[in-house]
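Everything in the sequence shown is counted per the numbering used here, starting at -19 for the first residue and increasing by one.
A few of these clues could be false.
[Claimed, not checked] In silico SDA-like pairs for lysine to any residue, Cα to Cα no more than 20 Å straight-line:
no.: 1; residue 1: K64; residue 2: V45
no.: 2; residue 1: K64; residue 2: R97
no.: 3; residue 1: K64; residue 2: G30
no.: 4; residue 1: K64; residue 2: G94
no.: 5; residue 1: K64; residue 2: A75
no.: 6; residue 1: K64; residue 2: A105
no.: 7; residue 1: K64; residue 2: L100
no.: 8; residue 1: K64; residue 2: P90
Everything labelled a hint here was simulated from the structure, so no lab data went into it.
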Amino acid sequence: MQPRGSICALITPFDATDAVDLARWDDLLALHREAGTSAVVVGGSTGESGALESAELVALIERAVNQPRGPAIWAGVGAVSTGKCVRLAEQAQQAGAQALLAVTPYYSRPTQTGLLRHYLTLADAVSVPIVLYNVPPRTGCDLLPETVAELAQHPRIVGIKDAVADSGRLQALLALRDSQSTTQFAILSGDDETAADWINGGADGVVSVAANVVPALFAQMSALALAGDHVGSSALDQRLQPLYRALSLAPNPIAIKWLAARMGLCGPALRLPLTELETRHESPLAAAFDRAIHD
-19 MQPRGSICAL ITPFDATDAV DLARWDDLLA LHREAGTSAV VVGGSTGESG
31 ALESAELVAL IERAVNQPRG PAIWAGVGAV STGKCVRLAE QAQQAGAQAL
81 LAVTPYYSRP TQTGLLRHYL TLADAVSVPI VLYNVPPRTG CDLLPETVAE
131 LAQHPRIVGI KDAVADSGRL QALLALRDSQ STTQFAILSG DDETAADWIN
181 GGADGVVSVA ANVVPALFAQ MSALALAGDH VGSSALDQRL QPLYRALSLA
231 PNPIAIKWLA ARMGLCGPAL RLPLTELETR HESPLAAAFD RAIHD
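My request is simple: use the sequences and hints to build the entire structure.
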């Protein structure tokens, strides 16, 4: 598996009773099938992973893999402890996930040695590909490039989504890939605002939040960048920049869920402790989205 292109961190729709809305889930998957999304992440951070029961994650994966041919199905997995993460990963694999997006253990703030052992234990426990996920503001630890270099030697660790959104981190990841001849190791942006710059600079794609509401535009932007059309991809990126900034008005996935509900893609429900978008943010968010799709 070579992770590439526009990968959507998919929202999880809930109905009025706070249950997972499987009918709307089918609609979301169809939207991405038609838009050209390369893969969707089920039960990641944007999918309210912390509020999902393991049985719900399994149900979402099973529903997704039984849809007509479309995007690859990745499962978001992660836990404070390695043992819990392994058990969740095994359940996701059994449900049919084609890859795992494995976030660094949060809250416990492991050392680099702890992160190395965590991921090697996980990779040895499953048979599907693993994409590392580094997002220090959410987890309290940073998976450093030198640790990634060691992990990239494992045959089931095939890439990284890195949300450290600076060019220095991209260059460090590209350098380790080139120096160790791990040319198939995928480097994915974890930040919409800098995704086009990363792909134009040598990354392989992006795991995106905004792709929930502009999936075709995001797929097009990624495809142009991967094809070497820096002018075309940058033009689309500039068109989408106001939307990226507006999505940061509230903690993810509050803003993207509000927009998706406004579009009729799902209901507005989130699970506590997440709460609805503040009224003062509604107009600027709606305006940024409308400009993006009508420009």
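- Starting from the hint list further up, note which numbers the structure goes against and sort them upward. 1
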